[in-house]
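Residues per chain, in single letters:
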Amino acid sequence: MEEKIRILHLEDMPLDAELVARELKRGKMNSEILVVDNKLKFEKALIDFLPDIIFSDHSLVSLDSHEALRIVKKMGVTVPFILITATMTDEFAVQVMKEGADDYIIKDRLHRLPSAVINSIKKYRLEQQQLAYQANIIRSEAKLKESQAIAHIGNWEYDFSTGKVLWSEEHCRIYGTSITENVQSYHSWMSFIHPDDIESVVENIKNKDSSSTDNTLNYRIVLNDGTVKHIHVISKFEFDEDGNQVGLYGTAHDVTEIRQTERQLRKSETFNLSVLNSLSSHIAVINNLGNIVARNASWKRFALENGPTTLKGTEEGSNYFKVCETAANNGDETAAEVLQGIKNVMEGKQDVFYFEYPCHSPTESRWFSMRVIKFNSEEPMVVLSHQNISERKFAELERIKITGDLIQRNHDLVQFAYIVSHNLRAPVANIIGASSALNSFSLDVEEKELLSQGIYDSVTRLDEVIKDLSNVLQIKSKLRETEEKVRFSELVEDITISIKNLIDKENIQILCDFSEIDEFVTIKSYLYSIFYNLITNSIKYRQQQIAGIIIIKSYLTKNKIVLTFLDNGMGIDLSKRKDQIFGLYKRFHHHIEGKGTGLFMVKTQVETLGGSIDIESTVNKGTEFKIEFNK
Amino acid sequence: MNANLKFIIVDDDPFNNRICSMIIKGTLGEADIQSFTLPEEALSFIQNEYSGMLVPVILFLDINMPTLTGWEFLEKYENFNEKIKEKITIYILSSSIDQPDKDKADANKYIKDFISKPLNRDAIHSITENKLLELRSAN
Chain F
1 MEEKIRILHL EDMPLDAELV ARELKRGKMN SEILVVDNKL KFEKALIDFL PDIIFSDHSL
61 VSLDSHEALR IVKKMGVTVP FILITATMTD EFAVQVMKEG ADDYIIKDRL HRLPSAVINS
121 IKKYRLEQQQ LAYQANIIRS EAKLKESQAI AHIGNWEYDF STGKVLWSEE HCRIYGTSIT
181 ENVQSYHSWM SFIHPDDIES VVENIKNKDS SSTDNTLNYR IVLNDGTVKH IHVISKFEFD
241 EDGNQVGLYG TAHDVTEIRQ TERQLRKSET FNLSVLNSLS SHIAVINNLG NIVARNASWK
301 RFALENGPTT LKGTEEGSNY FKVCETAANN GDETAAEVLQ GIKNVMEGKQ DVFYFEYPCH
361 SPTESRWFSM RVIKFNSEEP MVVLSHQNIS ERKFAELERI KITGDLIQRN HDLVQFAYIV
421 SHNLRAPVAN IIGASSALNS FSLDVEEKEL LSQGIYDSVT RLDEVIKDLS NVLQIKSKLR
481 ETEEKVRFSE LVEDITISIK NLIDKENIQI LCDFSEIDEF VTIKSYLYSI FYNLITNSIK
541 YRQQQIAGII IIKSYLTKNK IVLTFLDNGM GIDLSKRKDQ IFGLYKRFHH HIEGKGTGLF
601 MVKTQVETLG GSIDIESTVN KGTEFKIEFN K
Chain D
1 MNANLKFIIV DDDPFNNRIC SMIIKGTLGE ADIQSFTLPE EALSFIQNEY SGMLVPVILF
61 LDINMPTLTG WEFLEKYENF NEKIKEKITI YILSSSIDQP DKDKADANKY IKDFISKPLN
121 RDAIHSITEN KLLELRSAN
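So the protein lines, in turn, are chains F and D.
For the first sequence, this note's numbering assigns the number 1 to the initial residue and increments by one for each residue that follows.
For the second sequence, this note's numbering assigns the number 1 to the initial residue and increments by one for each residue that follows.
Isolated chain F (complex conformation) (with noise of 0.2 Å):
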């Protein structure tokens, strides 16, 4: 022993612990000894000096080694008591044992002293660490129960020599026994398995692989009350030294409310995702980055039918938003709306996006619209939902087309009332005019002379004005007329044949440049008249001080085909009268010969070919028409 043992000796005789001191450094111990005499001091160094052991005389003035060993006791000192005594019956020895003194040692051979001391203090000091030992061992084993509750996990032994099975506390507890029936059986284990388990679980110990550290197993169990429950088991097997099987052990897991929360969830979650299925509407769910995270079968079925071309050809875990933006660099205005939408939603600036969209395939026309609210979750996310609005939108497109017609008609019924007011009443009025001046008054024959030709011109303009109503009200009809190629080439070639004296009296030149688009399907009699009268206009109305320029060019946008016309003739203020230029018998020269029906010829033509027709003018500059038509 190497440390410094501290001493306390209870003794009143000053010679005898001067003996024991000396003994003691004879034995070459290493020991500080302090000597008290009386109860008093005893009780104090007990607590000051901390001893590792005590020495006491059997019998002091003021107390004897009885009363010595109840106050150690009675303080909870628990340090070797070692009693020093002159004389000592046998009965005595056996009396101060049995009172807890751990050895006595007679005055006369204090030679023993040294392996005495050491001896008590080795055994008392293995003896503490029993206790603190057996104290661990049953508080884990206290804490083990706990856990085991807690976690419903109790564990088993299978001892194959005995055939006994041992549950733990909580084991039982999740088989419905009381705690003391933890004694079982293989067999009376398997009167609990419920009845469907019994052939997987047989068949699973069969099978179980001696070799294999773990082994899992799940089945149910039906307690003597009916209740049915799930258990996990992991087992293992125990071996002998000589690598034989010797027991199984393990644990048993009750899994039961968990397999009901994972039944409950997949019950909902079947139910959830049924439910979008069975939808028509195609929908997905995007995050911030604009990964799909989700989506319903319309949404995959239209992304399989449709390809990786359209906006909504996107299969899970692609980019919504490179879809967008590749649509869009290639010219697709409604995916940058909708990019732009889709953000908006997602960083809160708006609660919803709605576009309505056309998503033509080759065999039919369709029409979607597109609705995009945030969803709630933890990271930012939308639901994206598209529906096919056709059958909606073709009885808008319908009413709207109907709505169209009915105001054109009723425009066309307002201007004809017009026309028969004005162009057809006028020559009437004139002729009615003249002959009752011919017959009511007396007039030379040069009065008669013109108003028999006023009359005759009279009757003329109203035979023309006849025979161009009738030609427009063909026209709006729209007569099958086929539709052939027209080359725009050919068409100002036949025209600047037909017209060639006006164009070399005129001194015209005409320019053309049909390099991007020459063709053109559609029916050639209206397009003819269309350029006929165009070219024919801008020569009628040129300026007659500079010499004539005609310039025609045709080129593509993204699905038009446009034609222009360019003259540098006499113009047109069109600030006052421009919803008028294209008006029946609208004439805005005075001294030009015009019926003021071209103008409306060619609208009226272009607009039964699907076309759309402008124009740009400034006086004495020139004119400039613009006709689209869709591709």
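FYI, nobody ran anything at the bench for these hints, they're computed from the structure.
You may find that some hints are simply not true.
[As the list claims (entries may be wrong)] Straight-line C-alpha distance at most 30 Å; calculated DSS-like pairs for lysine-lysine:
#1 F:576 x D:85
#2 F:576 x D:104
#3 D:109 x F:578
Mind docking chain D on chain F? Use the hints.
For chain D alone, coordinates are given in the frame of chain F:
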């Protein structure tokens, strides 16, 4: 009795103007008639050359003219000196039998009446008699 009345006809149709002149002359015997096929010229005549004379005027105005419609003519006329306008009585003389045209004429304070073409004796008689009564009561 007619020497103190002047007739102005504004219509782009020269044949109509001829017929009107004949009917006025045939009805009243002699008359001071001036006709314009360009309304702009009629306006500048009234403003520049007529302003000194101030003989009462009966003005027949057509609606449907290419360079300046009857309505546009009236917009410009509105800015004329009150002295001139006092002397001029405007009648719309149109081939139109269109009710909206008539309604528009009724709503215009410078238009005395709407006459559908052709002009005839009865119309001339009632116009001149009206005018003379007016002048007499004014004096």
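Practice prompt. Output the numbers, in ascending order, of every earlier hint that fails for this structure.
Written response: Of the numbered hints given earlier, the structure breaks none, since each of them holds.
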